[in-house]
Amino acid sequence: MSGVAVQRRHRIQLPQPKKIGPSQNPAVHLDPFLLLIPPVIAIFGVIMVYSSSKSRLTSQGVDPQFYLKRQAIFLVVGVILMVVMTLVDYRVLRDRPALLYGIVLLGLGLVLTPLGAQKRGIQAWYEIGSFQLQPSEFAKLGLVLVLAAYCHEHKGHLDAWRLGVTFVLAATPIFILYLQPDLGTSIVLTVMVFLLLLVAGASPKHLFVIALLGISSFFVIVKADLLADYQVARLTTFVDQGQPKDAQAKAAAYNLEQSKIAIGAGGIDGVGYGNGSQTNLSLVPEQHTDFIFTAVAEQFGFRGGAVLLGLYTVLCFRLWRAARVAADLFGALICVGVMAMIAFQVFQNVGMTMGIMPITGIPLPWMSYGGSSVIVSFASIGIVVNIASRRFAQAGGTTRAPGPSRQPRGSPAR
Amino acid sequence: MTEGNRTRIAVVGLVVLALFGALLARLWFLTVAGHETYVAQAQQNGVRVAFTQPQRGIIWDRDGKPLVRNTTTFRATVSRGITAEQRHQVLVRLSDVIGVPKSDLERRMNSADNSPLLAAPVWDEVPETAVTYIAEHAEEFPGVEVAPFSTRVYPYGSAAAHVLGYVGSMNDKEYETHGAGDEPDYQLGDDIGKDGVESFYDAELRGSHGVESLRVDAAGRVLDTLGSQPAVPGNNLELTIDLDLQRFAEQTLADGLALQRLQPVLDRKTDEPLGHNFLAPAGAVVVMDVDTGAILATASNPTYQPEAFIGGIPADVYQQLNDKATYFPLLNRVTQGLYAPGSTFKAVTAFAISDAGVLAYPWEEILDDKGFRKFGLEGQQTTYRNFESIPGGQVQLARALQISNDVYFYDMAWRIVQLPKDLNDTVVLDDMAIQQTARRLGFDEPTGIDLAGERGGRVPDREWLEQVNKKDPVAFPYNIWLGGYTITLSVGQGDLLATPLQLATAYAAIGNGGFKVTPHVVHRIVSPQNTVVREIAPVPVDVGLDPEIRDIVMKGLSDAVMTDDGTGFKAFEGFDLGRLPIAGKTGTAETCTACEPQNTAVFTALVPANDPKYVVTVFIEKGDTGGSTAAPIAREIIEFLYCTGGAAAIRQPDPLGLDQQVTIGCPPLVAVPAAAPPGSDIPAFEEIEPGSTNAGVIPVDGTGALVPGLPPPASNAPGTGVTTPDSTASPRRRRSRGRRPSRDAQTRRADEPCAAGCGP
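In the order they appear, the protein sequences are chains A and B.
Taking this note's numbering, the leading residue of the first sequence gets 1, the next gets one more, and so forth.
Taking this note's numbering, the leading residue of the second sequence gets 415, the next gets one more, and so forth.
Looking at chain B on its own, in the form it has when it is part of the complex (with noise of 0.2 Å):
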């Protein structure tokens, strides 16, 4: 060793004196002048705040019934940040688990409303076997967590689908008006109401998220809980909707349709059959009180399963509810088809008459129709014919609606035409009177319904067609309105669209005595606690129909049904219209005037018709006239109405268990000895066995008599003799000129046990 060694071992020792200065000095500079932040990040660091879901209300129909309810499965997800390998041997492994193909899981885990930046669901229903074997070999399956998962049930099927609506995950864009994360209750992979009241009622039924503060470790592993604050169940749905009539009001419209796809179209002249049947692909009803404009029941055919929406869609399925070539399943017709109204916009004509001065006081200015009538100056005349042409003879008012005439109409609407003009050619008097008051019955605009979607059709008048022209030429080559215009929309053809929503609220209008009603089927929000949140009430507006073109109108509608050469009377022959009176209107809109005569067949009754409580409305496409298709479906459904109403309707245990009695069927309402006021309770019904062959008819013994123990028959009831169940059935297959099967209690029953709707 020498003393340069010696120097150099100095050195060494100085640098790694320095590099342990600099060691404490970096400790310093981390522990003592950065503790704050470190601090704050550390405690950050270790926690994980995680959103609890909460229940979703629960939605029941008017009588309790639950339309949909919740169930909780386990649903599994895979993190999205392991490796491909890792995460090709994970589905491996949960598909032995769980007992899927793997292939299953592939589809669940890319479906497309995922969120990507959540951990992809790949099964929704794991069972309980498999969630413990899962929670005990974690190690074998890195980034999967099975957690409780609540999912809509829904227990009567594809009933009310288009009222419910449905269910599915939160899409970027409803994340956005949502707050995009800022609205505790909306977050990422949250479900949301897509359709029907799910969407409309979405911020009461979704509740309120739970929030879970965790202690997690590097790994994710939940250590412990450091607060939590639970999640708040959604409020409940009481709907104004009665499930069975809903069901039965399905059915009835479904075969309603397969049977008008069974008659042969015949051609309009010659009545030779063309060949092929009608296509009747779709059709609506819906059922609303005219006071208070709750809904008992809607049906919009083609209809859906809203399950198939639970745990996302497949895109085909999606695309297949979603396709012209099956005629658009997933849109509600009631709040979303647009149809020309036909005839049945000829009851707001009448008081557009009224209003617009052209018809005068005492209303009753005969009309004698020949058939068809030319109208303009004279050399560019058009003839406007009734439909089929058939001469009217000596009308008026009443008479018009009663066998449904086009030429007085024509000639009433003419008369709005020439109302006088000023020197310029501008309107003095309004020539838009029909528009007006079609827009006071609430057309052009949404009713309002609490489902979410609803269209507002249209009311064509000047303004809308100088719009259309400027913004499309060639679709609306002219921008001038003409008189043919006012002449057609008078009966409800044209370019006037409404939804059979709108045209069943203008009926109410008429039928309650002027009141425009908005249409709901929420009757009442419930909290969980079971408390009335709100009730959804609307108040009717007074749009002031003239009482004395009211009573003409109601007047016109109730022959319309009741008398013999009225357009609707063949679907209710036979019905006891004694006791119960029914209004009603037949539409034929021609869809096109060339072709082949495929209409939308249109009835909407007022029932009773001295008294309207309920307003039906049945829109048919694609089907032959409103009087053969539409209304043979309202007159069922307005039996069925009255014997739920009655509480005479045939019932059984519920055949989902629900503890629940259904109706199955329901006697018909026929001309019967005795009958009680209609819409009050019918006490002759009370005594009907389910089982017994005459189920439909009221009891009698052999004198005439009623059986005992129910109230003696009230004197001023119409109607004579006793009706055997065979009377009862033929006047209805004349009705449907042999066509059409008999549905009388009897047959339904043995043919069709679910007759009231078990679903498709």
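Extracted from the complex, chain A is given alone in its bound form (with noise of 0.2 Å):
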């Protein structure tokens, strides 16, 4: 559908005379679908996050537009940096991947120390002000930065040795974000290294070998208690749903449980803005943050969540899209992993709401309510639609040579 409207653009520009060529200016080919869903979704999410916590902050005594405030405040950061993101060149991300990495590392390793802040017994925030940041968040961003340059450089040409380089470079913020511990966003580096490798070029054996080193290390996690007891509880509980057996498993049921009669309550068209008894009498846990899906469904029902889910899969197209007209591999690779971010992540929420997914503490992108999250999901955006606006446009203010596969391209292969 998208592609279609691509092609006829493309034909109307082509009787433009004395020009053979798309455009070289970037500003021409800005996607609007990338540039309007991030923001529209986020506006969406700071209208849910104040009605999924005002009945909750109101019965603290606390002012119950607190995190209302706070969540367009990250809006307005989050927009400006995806304008930011757009306007630099983001082949300048490409020549600095030591940098990238070191910063990447520094800025979780530093987390543990007592220069972070600890929370519900998990070390993985930054306070500043009266402001949180974490780090893993933008790890996320910075690991596939690192990660799509390297490939990059080495032109997709992954034999077992740089795969196994590349392995190390992933795997270890993945294990400082198990040491906080954060095992939601090490899933979801976990998954987007997966699908980065295998857009990147790595070997179907080699990926099978990584994979089944994966799920086989999952395992050996879960069963050898290295996690803690709540963490297991909230990963199997999708598995045996409606017989917890203990504290822990009650309460992780209990969320799930709850989270399930919320979207359940809503029905076809949802119960309406504001009323929902499931979201106003605070009964789903983390509602504002990690089950805000539930009050989406609860309200607006099921045509509620499918739109969403709708701009997301919009978003993801786009996404895929980018990806696949992309100059380089560099940033095809962005791409891949930027939509593998936000798909694995729409996925892993929406569908630990739902029970199809264990319950981890991952936000859904622009809803849920939390800064990092939302500043570096626009960030993220913003790189996208750089490198798919300038799809056409010449290499500028890189000091390497233009690598032979880095032919520019106008549509999508026939």
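It cannot be assumed that every hint is accurate.
Short, incomplete list of chain A residues facing chain B, as computed with Cβ under 7 Å [claimed, not checked]:
no., residue
1, Val199
2, Ile261
3, Gly264
4, Gly267
5, Gly301
6, Thr313
7, Cys316
8, Ala323
9, Ala343
For each label pair, taking beta carbons as the anchor points, the in silico distance ranges come out as [claimed, not checked]:
no., chain 1, residue 1, chain 2, residue 2, range
10, B, Val463, A, Val84, 52 to 60 Å
11, B, Glu499, A, Tyr178, 25 to 33 Å
12, B, Glu450, A, Gln24, 57 to 65 Å
13, A, Lys223, B, Glu450, 37 to 45 Å
14, A, Thr113, B, Glu554, 30 to 38 Å
15, A, Thr113, B, Thr486, 43 to 51 Å
16, B, Glu499, A, Gln60, 16 to 24 Å
17, B, Val463, A, Lys69, 47 to 55 Å
It should be emphasised that the hints constitute simulated quantities derived from the structure, not laboratory data.
Note that the structure is a prediction, hence the values are computed from the model and not measured.
Every residue, glycine too, gets a C-beta built ideally from N, C-alpha and C.
Now that you have both chains on their own, put them together as the hints suggest.
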């Protein structure tokens, strides 16, 4: 559908005189879907954060608009960052992967020191004034950039050795996340890295081995008591729904039960904004963050949920398309990474609220309350818009000679 | 970028599309397919049904004085869902705010009768400032709830404790018997009456729970009320008890016991002191209307404070109330104490011997009593003796009752034993006549009084003996009913056991001419709107007492008190028996034959003797004789009864400020120049001023005429001359052989302003 639109625009450009190829000006090729959908989702998110937090905040005697206001600030900051990321040529990011990687590791590492703040037993935040900065969110984007740069440098020729290097590159931050512990983000990173390597050109044989390794290590971690009880309980609740074995499992089962009730109570049309007993009675724990989708489904029903999922689908399609049309492997891999990040987070988060995925603390991009997630998501989209808009542009500001594979391409392959 | 890269991107795109498709399918499944289920769950989710406690009914005495009221306090509870650490912190803060040590809160929290399913109560009387503070700082008190809570108040302390009973949390067993939650008015954590009328009339008193349907959030905070049905207060009880008489009876019983404990026990034969005093640990008093069975007063000593049960009784205190060493204060001896009634039972035997036909009209058969008699076949005779083997001389039935002659009744019992038998030695005519008559008069089964836990006593007969022998051959080695058993039964000894109330009921039947009444302590059940729900008026049952024998028995009982060789005479010396004739029977039940003479001392009186209105029964454990220990207590109660009945009591404003008058004393009913018919108003007493020095005697002027303004003395009034306070007191001192302190109105008022019972 969008493909058709692209072709149509291409056709319109053809009759232009004096212009043999598409314009080199990136501004001409800005993707309106990519630029508009995230802010639309984010504005909707602000509205839903308010509806899901106001009764809880009221009963605590706090300003009911507390989360609303803060999320609005994150939205503005995020949009600004997205615009900034769109303006600067993405290729500058390609040249300093080591520096970028260093920053990622430093950010993740320092949070484990007393510089980081602890909340509910998890050391994953920096306190900056009244705001918290969550380096793991930034690490997602950082790792995508680093791996994309590494694969680009080797032109996608990933033999076993290079695959090993990428494996180490990815495993180090994942391990630090495990120490925080931030199970959800490490799972997102793993999936992201896997898809990225798949697209980058790792051989199916190697990928199979990696997948096998990943799955078996996951079971080892779950079974070998390397996780806290509540983590295991959350992961396994969706398997044996209804028969909680202990207190942790009960708490996780309660979460899931309340979440499913909220979604199911919505019906086709939902109960309307601001209604919803599950939401207004604060029955769904963490509703304004991880379980924000339940507020959407309860208040706007199947239609509301489907529209939201539709927006994510269109967004992912545009990301996918950006990957296909990217001027270089670096750009394409970033697009794939960002798409994997967004798509997997949506699937994992929404799936968790509906009981088809284990419970992990993964935010729903732009919807869940949380500054770091919103800002990083916007920034990621900014970079992808950048990549897509510069698919015809000659390399600028790069010190390296363009590789032979970096042929500008005007449209998806037929 | 290679084509390979693009292909792989396409694959990734398809995977993402598949994932999103799965999400959409699942969303459809939940929101559309499962909608109804989840909506139902959501509706229940935030709704909690809460029961509100109704006010328990009030219990008044017959004049409307509240014996039990309610007061509303604030009770703090702590949820059982919080962690031990949180609980610790919460208790520390609560102890700070309420101002009681944490250990007290913990003790209340761990009280045995708290329901494990409900939040644990930690304090029942949270001051209002603390209530406000806790409400305003809810976040500092996780799991704490403070709610109004109604508790019982006993304005008169232990007065009528055994009648009222007490209230406590429903235990598991009571919960089960009341439908385990199916009965809406019996929910876990509810209070329930545990004894006395609180238990017997629990269904009336408890009222109906209110139901509140509340919307709550995940933290259990109440957001609003969806619907509510108010609690219905319980019905109130109006007792037949007269609080003044009740308190006086309790005090008199307590005093009488205390006095008895000062008396040395004398050897039976030599009259030498044995070196220790009577134990007199316990006693019982019952005053009952002989026509209706309405109980005016009933005292059981030792007693207890029902207040102790409010908010859960500590286990050690409860243990003390149920301990042998303290003589079981919780036991209501009037309905639960089992005693051998002793010679008071002879009145029952008197009817039995006529029923069995062993004494024939005109009933005046005279026996010559030498103090003992031998019964049985030649060679295996057993000697049965009078009390202290005193010979009775020429005795017929009335005389036998008057002087409590044993041999007369032994002889009559022996005649019953010897009723003709057939060849197989089985009885043709029933030789269980005494038992049958006893049962007709209410022995061997509970009287049916409206108090919880009444016992039925025991009338031994052949069947009973066979049964217990079969059950426990060691304790009861014989299974053949011997003639001797009937002989001992005839004088109220042996295996016969009866409660004081059973004896009172039997005497009431004798007094009212043969109607067995059902004793009751509740007069009316009154709704909260002050309408009478039910009147308790059990219909007396005609048990068919031979009226001629009844007259003889009444004569015997009257003579026992009113003639100077009657066994009850000494206790009533100086009492104006002419104005208020009294019939009575003493009983001295030997609890064991070989051991020292500490007996169950019994006295039961019918007043007035000519047309009995009340029966007054007194039992004292381990006392002296019925005449010396029990009868004086009965006398004081009768005096009080008739002075309150005549509205001549010395009254003062209620010390509790309940806008009532209480009787604090009463002039003794002594020989006075003028007397009104007993039972009616005694106008002569009306002018007595509480402060006057000659309170207790009829004010007369120097000529012996009554103070002007009062009706003239009745012409048929017995008694002569003016009685001074001195002459009032002295005969009573004599009666108690100088050991009993003078208890006339003057000294009572001077020394014990609260003689009518300020509570122990």
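Comparing the hints with the structure gives:
With a least beta-carbon distance of about 5 Å to chain B, the hint placing valine 199/A at the interface is held under the 7 Å criterion. Taking 7 Å as the C-beta contact cut-off toward chain B, the hint placing isoleucine 261/A at the interface holds, the least distance being around 5 Å. Satisfaction of the interface hint for glycine 264/A is found here, the shortest Cβ-Cβ separation to chain B being roughly 3 Å, below the 7 Å cut-off. Interface restraint check: glycine 267/A against chain B, minimum CB-CB distance 5 Å, threshold 7 Å, status holds.
For glycine 301/A, the interface hint holds, the least distance from its beta-carbon to any beta-carbon of chain B being 6 Å, beneath 7 Å. The closest approach between the C-beta of threonine 313/A and any C-beta of chain B is roughly 5 Å, which is under the 7 Å cut-off, so the hint is satisfied. Nearest Cβ of chain B to the Cβ of cysteine 316/A: about 5 Å, under the 7 Å cut. The hint holds. The interface hint given for alanine 323/A holds, since its Cβ lies 5 Å from the closest Cβ of chain B, which is under the 7 Å cut-off.
Below 7 Å, beta-carbon pairs count as interface contacts, and alanine 343/A has one with chain B at about 4 Å; its hint therefore holds. For the hinted restraint 52 to 60 Å between valine 463/B and valine 84/A, the CB-CB distance of approximately 57 Å keeps it satisfied. Range check, glutamate 499/B to tyrosine 178/A: Cβ separation about 29 Å, and the 25 to 33 Å hint holds. Separated by about 59 Å at the C-beta atoms, glutamate 450/B and glutamine 24/A satisfy the suggested range of 57 to 65 Å.
One distance hint, 37 to 45 Å for the beta-carbon pair lysine 223/A and glutamate 450/B, holds here, with the actual separation near 39 Å. The hint said 30 to 38 Å for the Cβ distance between threonine 113/A and glutamate 554/B, and at roughly 33 Å that hint holds. Hint check: threonine 113/A to threonine 486/B, Cβ distance near 58 Å, so the stated range 43 to 51 Å is violated. Taken as a hint, the range 16 to 24 Å holds for the pair glutamate 499/B and glutamine 60/A, whose Cβ atoms sit roughly 22 Å apart.
Under the hint 47 to 55 Å, the C-beta atoms of valine 463/B and lysine 69/A, about 38 Å apart, miss the expected range.
When the structure is compared with the earlier hints, violations turn up for hints 15 and 17 and for no others.
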